[in-house]
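Protein chains in written order, with full-length UniProt numbering: chain A, 1 to 261; chain B, 1 to 261.
Don't read these hints as lab results, they were simulated from the structure.
Worth double-checking, as some hints may not be accurate.
Said to hold, decoys possible - Partial chain A-side listing against chain B, Cβ under 10 Å, derived:
(1) Val27
(2) His31
(3) Thr32
(4) His123
(5) Val145
(6) Gln178
(7) Leu240
(8) Lys251
Stated by the list, open to error - Derived lysine-lysine pairs resembling BS3-like cross-links, with alpha carbons at most 30 Å apart:
(9) B:Lys206 to A:Lys144
(10) B:Lys9 to A:Lys210
(11) A:Lys199 to B:Lys81
(12) B:Lys206 to A:Lys28
(13) B:Lys81 to A:Lys210
(14) B:Lys81 to A:Lys206
(15) B:Lys144 to A:Lys253
(16) B:Lys253 to A:Lys81
(17) A:Lys220 to A:Lys253
(18) B:Lys199 to A:Lys220
What the hints assert, rightly or not - Now the stretches of chain A that chain B is said to cover, found in silico as 3 or more residues with beta-carbon under 8 Å:
(19) 56 to 66
(20) 130 to 143
(21) 190 to 198
(22) 203 to 216
Everything numeric in this text was worked out from a predicted model, so none of it was measured.
In this text, a Cβ means the ideal position worked out from N, Cα and C, and glycines have one as well.
Spelled out from the first residue to the last, the chains are:
There are 2 protein chains.
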Amino acid sequence: MSSSPEALKIGIIGFGPFAQFLASTMVKQGHTLTATSRTDYSELCSNLGVDFFRDIDTFLNVHNDVILLCTSIVSLSQVLKSIPFHLVKNPNILFVDVLSVKNYPRDLLLQVLPETMDLLCTHPMFGPESGRDGWDGLPFVFEKVRIRDQDVCSSFLQIFELEGCRMVEMTCEEHDKQAARSQFLTHTIGRILSEMDIKSTSMDTKGFQKLVQLKESTMKDGFDLYRGLFVHNKYAEQELKNLELAIQTVKQKLLDRMEEK
Amino acid sequence: MSSSPEALKIGIIGFGPFAQFLASTMVKQGHTLTATSRTDYSELCSNLGVDFFRDIDTFLNVHNDVILLCTSIVSLSQVLKSIPFHLVKNPNILFVDVLSVKNYPRDLLLQVLPETMDLLCTHPMFGPESGRDGWDGLPFVFEKVRIRDQDVCSSFLQIFELEGCRMVEMTCEEHDKQAARSQFLTHTIGRILSEMDIKSTSMDTKGFQKLVQLKESTMKDGFDLYRGLFVHNKYAEQELKNLELAIQTVKQKLLDRMEEK
Ligand SMILES: NC(=O)c1ccc[n+]([C@@H]2O[C@H](COP(=O)([O-])OP(=O)(O)OC[C@H]3O[C@@H](n4cnc5c(N)ncnc54)[C@H](OP(=O)(O)O)[C@@H]3O)[C@@H](O)[C@H]2O)c1
Ligand SMILES: NC(=O)c1ccc[n+]([C@@H]2O[C@H](COP(=O)([O-])OP(=O)(O)OC[C@H]3O[C@@H](n4cnc5c(N)ncnc54)[C@H](OP(=O)(O)O)[C@@H]3O)[C@@H](O)[C@H]2O)c1
């Protein structure tokens, strides 16, 4: 593969907030984008320089190098059922997903993808909020689940390398284990703080300011994303239990020493 | 009062981490410091340029403008009992406390302080960690509980004004209400994360990095400080309950929508 980035033809399925965020960088890098989604994004796409197709059959009829799945975690199974794979123009196309859980799409895609198609499972560990000022140094997690065409796969990964992402190759299994302890926990705390309706005061400590920021950035993601992190990562439930347990431990330590009051 | 800062004679009771942190700035500003503490800090003090007295009677025999109480919240009552107030050289001295709760020291000090002495209750909303790179813009909360000598009080407040602190005058009551919802909650979450033993991974999101930092800075403060925030702020218990409730609400929202799986 040459070191200068190859322009790819990328078709995006699911053009919500995260797809839009990725698309603008991909267009900037000179890739050719098409998209389809449940909602009509024709106008938004035309502003971005992306060809939008309301109809999935017509969308699949374009010859692409890559199909990028950007649907919500909880709708993936339904969306996959609606794809007529036999209509995919390029039989050796690379499927890539960006879901924030990894075992779940990996397993589903291995079941439904025609054997001739390649599969790369990824999770960019940033979003419209945390990646607003660029992606430099931000982690991009991926597993090459089934790659025959190394060139297309490398060209796709280069999109993120070029922006300075820290490329982290790990299994989907390992991703889910770590993400439950980090990302799911972070979203949970953000949502707890939002339930408590915490607000900046005139006397915030630096630590509290961090929590207010966390609450705000968490709540910019929809509940579907958070629900997906819980329902489709088998490690998440245990981390929720660990959190509840830790609160009880901290509380007990306070109460145990009340007599020293 | 003149706008050029007046050099004060300040005696510190309780020379732990926070007192040491404050003292180095006060010495830098040209104030004359003496100190006493349960532990012998003679050597540390001589390095800082502070006169240390093991014996409280000798300590009180120095003519000071200000006595600064920097003991732990949970030892305040015991420490106050050990002060022979009749030995305080200057009968019109200004007592200042820096405890992270405010109603509690205010009430105790109003009970035990001789009527001739002034009282300023303060809470610098930063510490050795968050104030390491200077105090500029950091909040300094205070209530002038009983001030007759405005000049000495102003000179003392100027120490923090000069470093760029945001001066926030509010009642001890209002402080405790707000601090339970902000600082106590922050410490609680830091300690919960520490119980969970969270650790930085190769794929941290920016949000998770904030939590790791929060855990680390919280754990630099001793458990006595955290226990004081709980035991001696009447609003803290309710905030702990609110936190537990919020977790249950978030959990219930996840479970309620499990059937949409
Ligand atoms: N946001 C982030 O920071 C971030 C970061 C890394 C990875 N991700 C992953 O990226 C994906 C998209 O995330 P997001 O932030 O854009 O929000 P999201 O709410 O997780 O997903 C929105 C997308 O899902 C589609 N969708 C939802 N329900 C559907 C259904 N029943 N049928 C068909 N399509 C449906 C939406 O289509 P319409 O818009 O057409 O309705 C939209 O394209 C998720 O898998 C998420 O885990 C997000
Ligand atoms: N750390 C911060 O960031 C911060 C910020 C704002 C306000 N404060 C407040 O500042 C005060 C000091 O805090 P800190 O961080 O230094 O740690 P701390 O553990 O809250 O207090 C340590 C101080 O309390 C003294 N002490 C503890 N138990 C005692 C006892 N039984 N008898 C006599 N003295 C006793 C210690 O004396 P020895 O060292 O001599 O043993 C030391 O001077 C606290 O009231 C805290 O709420 C702290």
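- Is the hinted pair Lys199 (chain A) and Lys81 (chain B) satisfied, with a Cα-Cα distance of at most 30 Å? 39 Å, violated
- Query: Close enough to count: is the Cβ of Val27 (chain A) nearer than 10 Å to one in chain B?
  - Reply: Violated, because the Cβ-Cβ distance from Val27 (chain A) to chain B comes to roughly 24 Å (cut-off 10 Å).
- Decide if the proposed pair is consistent with the structure: Lys206 (chain B) and Lys144 (chain A), CA atoms, cutoff 30 Å inclusive. 25 Å, holds
- Per-residue hint verdict: His123 (chain A), partner chain B, C-beta under 10 Å: 8 Å, holds
- Task: Sort out whether Lys210 (chain A) lies within 30 Å of Lys81 (chain B), counting only the CA atoms.
- Result: 39 Å, violated
- Task: State whether the coverage of the stretch 190 to 198 of chain A by chain B holds or is violated, taking the criterion as 3 or more residues with Cβ-Cβ distances under 8 Å.
- Result: holds (count 7)
- Message: Quick check on the hint: Leu240 (chain A) CB to chain B CB, less than 10 Å?
- Response: 6 Å, holds
- Are three or more residues of the stretch 130 to 143 of chain A within 8 Å, CB to CB, of chain B? holds (count 4)
- Apply the coverage criterion to the stretch 56 to 66 of chain A and chain B: a residue qualifies when its Cβ sits closer than 8 Å to a Cβ of the chain, and three qualifying residues are needed. This one is violated; 0 residues, fewer than the three required, reach chain B with a Cβ under 8 Å.
- Item | Pair hint Lys220 (chain A) and Lys253 (chain A), alpha-carbon separation not exceeding 30 Å | Given that 30 Å is the threshold and the Cα spacing comes to 35 Å, the pair is violated.
- Query: Can the restraint linking Lys144 (chain B) and Lys253 (chain A) be considered satisfied, given a maximum Cα separation of 30 Å?
  - Reply: 35 Å, violated
- Task: Verify the interface restraint on Lys251 (chain A): the C-beta must sit less than 10 Å from at least one C-beta of chain B.
- Result: Nearest chain B Cβ about 6 Å off; hint holds.
Going down the numbered hints, you'll see the structure goes against 1, 2, 3, 5, 10, 11, 13, 14, 15, 17 and 19, while the others check out.
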